[in-house]
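With chain F held as given, fit chain V onto it using these hints.
Next come the chains, spelled out residue by residue.
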Amino acid sequence: MMHIRTSDRYNITALRSLVTNILSLASGILVISLVFLCVGVNPVFAITEIFSGSFGSFYGFKETLTKAIPLILIGSGLTLAFRAKFWNIGAEGQLLMGATFSTWVALAWGAYLPSYLLVPLMFFAGFIGGAVWGIIPAVLKIKYSINEVVSTLMLNYICAEFLTMLIVGPWKGSDRFGFPGTDNFPAAAVLGVIPGSRIHYATLILAMICAVILSVIIYKTRFGYEARVVGENPEAGKYAGINFLKTSLILMAISGGLAGLAGVGEVAGIHHYLGYPASVSSGYGFTAIIVAWLAKLNPLYAVFSGIFFAGILVGGDAIQISLGLPAATVEIVNGTLLIFLIMGDFFLKHKVRLVFSKT
Amino acid sequence: MEDIIISTLQRTMVAGTPLLLATTGEIICERSGILNLGVEGMMAVGAVMAFIVTITTGQPWLGVLAALITGIVISMIHAFASITLQANQVVSGLALTMLGLGLSGMLGKPYVGKPLTIKMDNIAIPFLSDIPWLGKIFFNQSPFFYLAIILAFASWFFLERTRLGIQIRSTGENPKATETQGVNIFLIRYVSVLIGGAFSGLAGAHLSISYSKSWIEGMTAGRGWIAIALTIFALWNPGRAIWASFLFGGIFVVQYLMQPMGISPNFLAMLPYFATLLILLIISFRDPRRLNAPAMLAEPYKRGER
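Protein chains in written order, with the working numbering: chain F, 1 to 359; chain V, 1 to 306.
Here chain F stands alone, though its shape is the one from the complex (with noise of 0.2 Å):
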C-alpha cells in the first residue's frame, strides 16, 4: 500500500521559501502553456514572448519599470493589511480615489502654485483620498463587523461610478472633443519622466521609501507588532488591550493612502488628464494582491514581486500584439500564478512524504 503522509514542518528557512515560490511560478506556468496548447498557441513561444517582451529588451523593460510603480505602492501597503488579515480587495478603488482627489487639486490649483509645491499637494490629496476610501470599510468591519471583503469591492464599483459621473458632468473637459476626460493638467501638475520613457521617478522613488518604512513599521514598531497580532491571534490581541478600532483605521488609512499615491502617478506621470476608470488603472489592485502574496508580505519583497508582475502584464501586452490573443489572457496567468502560490504554502508548511507499508 502507498500512503501520502503529512506532518508539520517547523523551521522555515528563507532559501525553501524562495524555492518553494520558484517552483510554484514554474507549476502554474506550466499550466499556462497547457491553456496555450488548448487554444492553439504555442505555449513556449507565448511565454517566451512574455519575458522577452517584458524584461528582454530596453524598452520593455522601461515599460515593465513604468507598470511596477503602481504594484509596488499598492503591494507594499497590501502587505501590511493582510498581516493583520485585513482583506483589503478595495485598492482599485482606493486608486481611483486617489487620482480623483488630486485632480481636483491639479485642476483647480494648478494654475497658482509653482511645481514644488503643487506636486507635494497632489500626494498629499491623493493620499487622503485613498485613505479616506480605505478607513470606510475599517469602521464598518470593526464597530458594525461587516465583512471587508464585501465592502471594499462594492466600494470599487461606487467609486468607479461616481468618477465617471464627474467625467461626464461637472469635470468634463473642454479640450476633450466631446469625449468623457478632464482637461489636460497644467504644466505644472505634470510629473517629470526619465528621458526617452514613461518612467515617472518622483513616484518611483516615492515607492522605494514606502517599501522601506513599510517594512520598519511592521518589523520594528509597536504598531507593526500589533497589527500581526489582531491578524495571527486576535484573542490574544483582546486581552492585551490592543485596540482593534485604532489599528485597524491606521493599517487602512496607510494601505489605502498607498493606493491613493500610486493613483496620483497614474493621472499626473501617465495619463495627465483623468479620464475612464479602465484607462486610469489596468486592474493594479488586484494584481497588487498576488504582489503581495508573493512577496510572502514582506513590503521589501513587494518591490521585486512588483517589478515581476509588472512584467507580465507589460509581456502580456506583447503577446496581446504578436499572437492575436484577448487581454483577458493576462488575468488567466495572474489568477494561475496566486493559486499555484497559495498552494505551494502547504509544501512550505509541510512535510509530505509518499509511504510504502506492507498490508
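Treat the hints with care, since some could be wrong.
The calculated label-pair distances, taken between Cβ atoms and stated as ranges, are [claimed, not checked]: (1) V:Phe153 x F:Ser33: 44 to 50 Å; (2) F:Arg9 x V:Ile123: 54 to 60 Å; (3) V:Ala295 x F:Gln320: 44 to 50 Å; (4) F:Leu245 x V:Glu160: 34 to 40 Å; (5) V:Leu62 x F:Val31: 24 to 30 Å; (6) V:Pro115 x F:Thr48: 36 to 42 Å; (7) F:Val139 x V:Trp61: 56 to 62 Å; (8) F:Tyr201 x V:Met261: 46 to 52 Å; (9) F:Ile22 x V:Leu147: 42 to 48 Å; (10) V:Leu62 x F:Arg9: 46 to 52 Å; (11) F:Phe244 x V:Ala295: 45 to 51 Å.
No wet-lab data here; the hints were simulated from the structure. Please read these numbers as outputs of a predicted model, since none were measured by experiment. Glycine included, each C-beta is placed from N, C-alpha and C at the ideal position.
Here is chain V on its own, set in the frame of chain F:
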C-alpha cells in the same frame, strides 16, 4: 400605469433569478465551513460556456448542462486548494475569480456581440398564469425562474431535513465532533463546494442565454459579489435567500425605471452596490449570535489536530 407596475415586477423576478441561484449555492458551500469568493468567476465561465454551447448546438438546455459542469469543474480548484491543501480561502477564492473572469474573456472573445437567436420560451403555468396581475408576474416566466425557486426550497429542505444536509451543517459548526461521528469531513466539504459551483454555473447560464441573450465580457457586473453579501443577508438560510434576491432584483430594475427621470445613469448604477452595504449595515444591528454564521467558516480543517 398598471402595465408599468406589472412589467417592473416581472423584470424584478428576472433580475433576481441569477442572484437567487448563486446565493443558494453559496449558502450550501458556506454551511459546510468553506468560504468561496470565486462566485463571480464561476458565474462568468458558466455564462460563456452556456452561450457557446447554445449557439453552436442550438440547444439551450445543453448550454445549461455545460454551464453546470463548468461550474463544478472550476470550483474543484477551490475545493482542492482550500480543503486538501488547507490554503487561505479568501485568497484562493479571489484567485478563482481572476481565473474565471480571464477564462471567460478568452473563450468568449469570438462570440462578443453575437445575438442569440435561439430562445428559451417562457413557460406559462396553466390556470395560474390567468390570475390577473400575479399570473403575469409569477407564472409566465423563464424556466430559470421556476428552477431557482424550486432549487431554493429544495436546498432549504436538503439542509434542514436530510441526513446529508445535517452533516453539512455540523461540518461547518464543529468538524471535529462531526468526524468523531464517522463523517468524512473532506468528502462533505468537497461535495458542498461542488454543489456551490454548479449553482454559480447555472446563474451564469441564466445571464447569457435568458437574461441578456448575448455575451459581453464582464457581464456578471459584480453579481457574484452581491450573492456573497446576500448569503449573509439571508442568514445562511435558502428560504430567506428567495426574498432577499428578489429585493435586489428590484434594485437592478429600478435603475432602468429611473433613468428617464433625468438622474445620472452612473449614479443609478451605484444603487445595487450601495444597497448591499446598507443591507449589511442593517443586519449588523441584530444580535450577532442570531446571525447564524457557520462557526468554522473559512477555517481549514486539519485531521488529528487538537
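Hints, one by one, checked against the model:
Taking the beta carbon of each, V:Phe153 and F:Ser33 are about 45 Å apart, inside 44 to 50 Å as hinted. The beta-carbon spacing between F:Arg9 and V:Ile123, approximately 57 Å, falls within the hinted interval of 54 to 60 Å. Checked against the hint of 44 to 50 Å, the C-beta distance between V:Ala295 and F:Gln320 comes to roughly 46 Å, which is consistent with it. For F:Leu245 and V:Glu160, the hinted distance range of 34 to 40 Å is satisfied, since their beta carbons lie about 37 Å from each other.
Our hint of 24 to 30 Å for V:Leu62 and F:Val31 holds, since their Cβ atoms are close to 28 Å apart. For V:Pro115 and F:Thr48, the Cβ-Cβ distance of about 39 Å falls inside the hinted range of 36 to 42 Å, so the restraint holds. In this structure, F:Val139 and V:Trp61 break the distance hint of 56 to 62 Å, their C-beta atoms being roughly 48 Å apart. Distance hint check: the CB atoms of F:Tyr201 and V:Met261 are about 49 Å apart, consistent with the given range 46 to 52 Å.
About 47 Å separates the C-beta atoms of F:Ile22 and V:Leu147, a value consistent with the hinted range of 42 to 48 Å. At roughly 48 Å, the beta carbons of V:Leu62 and F:Arg9 sit within the given window of 46 to 52 Å. For the pair F:Phe244 and V:Ala295, the beta carbons lie near 20 Å from each other, so the given range of 45 to 51 Å is not met.
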